[in-house]
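**Q** Sequence:
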Amino acid sequence: MVSLSLLWLPILAAAAFVFVASNILWMALPFWHRSDYEKLTEEKAVLDALSSTKSGQYIVPCADWRKLTPEQRTEMQSGANALLLVRNPGTFNFAKTLTLWFLYTVLISIFVGYVTGLARPVGTAYIEVFRVAGAAAVLAYSFRTISEGIWYGKPWKIVIKETIDGTIYSLLTAGAFGWLWPR
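In terms of the working numbering, the sequence shown opens at residue 1 and continues consecutively.
One should not assume that every hint holds.
[As the list claims (entries may be wrong)] Computed spacing ranges between beta-carbons, pair by pair: (1) His33 - Phe143: 16 to 26 Å; (2) Tyr126 - Asn88: 37 to 47 Å; (3) Trp65 - Ser3: 43 to 53 Å; (4) Met76 - Leu9: 50 to 60 Å; (5) Gly56 - Leu9: 35 to 45 Å; (6) Thr97 - Ile127: 28 to 38 Å; (7) Ile160 - Glu43: 38 to 48 Å; (8) Ile127 - Glu71: 51 to 61 Å; (9) Thr74 - Ala16: 46 to 56 Å; (10) Met27 - Ser51: 24 to 34 Å.
If you're looking for bench data, these hints aren't it; they were derived computationally from the structure.
Even glycine gets a Cβ: it sits at the ideal position worked out from N, Cα and C.
Generate coordinates for the entire structure from the input sequences, incorporating the hints supplied.
**A** Right under this line is the structure:
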């Protein structure tokens, strides 16, 4: 077993590699995710309707499926139904979001380090560390988006792209751990 205190360098390196890669995928290669979001046809009307809504997560036409009325069931079958995330009014705080994203990558790297440290001792060969770290990382970075396609109706094209992103992040994480594993 390898203590997490010996893994601070691969943990931080993996988080940094993922952070840089995600910024490249989302900002420097805008063609990759540009088509993920569409403009609403009646955007102004939707924004006006949501203007007094507090931030939160919503389902329309009915928040509790067990209490779905016949009228709401008809609405769902004949019109739109939606899952909405409503943010607080104001400008998007990019710095805060990037900071939280980086901390999230550090947290994932800590757990990848923990799992890999349980499975591989000090001095393990690069490829053996890579395999374990990569398997743990892919669970966090790639598989999370599949449930969004299943439960939330996220378009499968987007799920596939985000799974590819997650696989890239996982390979970078595995590479960092294999490269910087204690000898």
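**Q** Each of the hints needs a verdict: does it hold here or not?
**A** Going through the hints against the structure:
About 19 Å separates the C-beta atoms of His33 and Phe143, a value consistent with the hinted range of 16 to 26 Å. Look at Tyr126 against Asn88: about 46 Å separates their beta carbons, and that is inside 37 to 47 Å. For the pair Trp65 and Ser3, the supplied restraint of 43 to 53 Å holds, since their beta-carbon distance comes to about 47 Å. Our hint of 50 to 60 Å for Met76 and Leu9 holds, since their Cβ atoms are close to 52 Å apart.
Our hint of 35 to 45 Å for Gly56 and Leu9 holds, since their Cβ atoms are close to 40 Å apart. Thr97 and Ile127 have their C-beta atoms about 35 Å apart, which keeps the hinted 28 to 38 Å range intact. Under the hint 38 to 48 Å, the C-beta atoms of Ile160 and Glu43, about 27 Å apart, miss the expected range. A beta carbon spacing of about 60 Å between Ile127 and Glu71 agrees with the range 51 to 61 Å that was offered as a hint.
Separation of Thr74 from Ala16 is about 52 Å and conforms to the stated range, judged on CB atoms against 46 to 56 Å. At roughly 29 Å, the beta carbons of Met27 and Ser51 sit within the given window of 24 to 34 Å.
When each numbered hint is compared with the structure, a violation occurs for hint 7 only.
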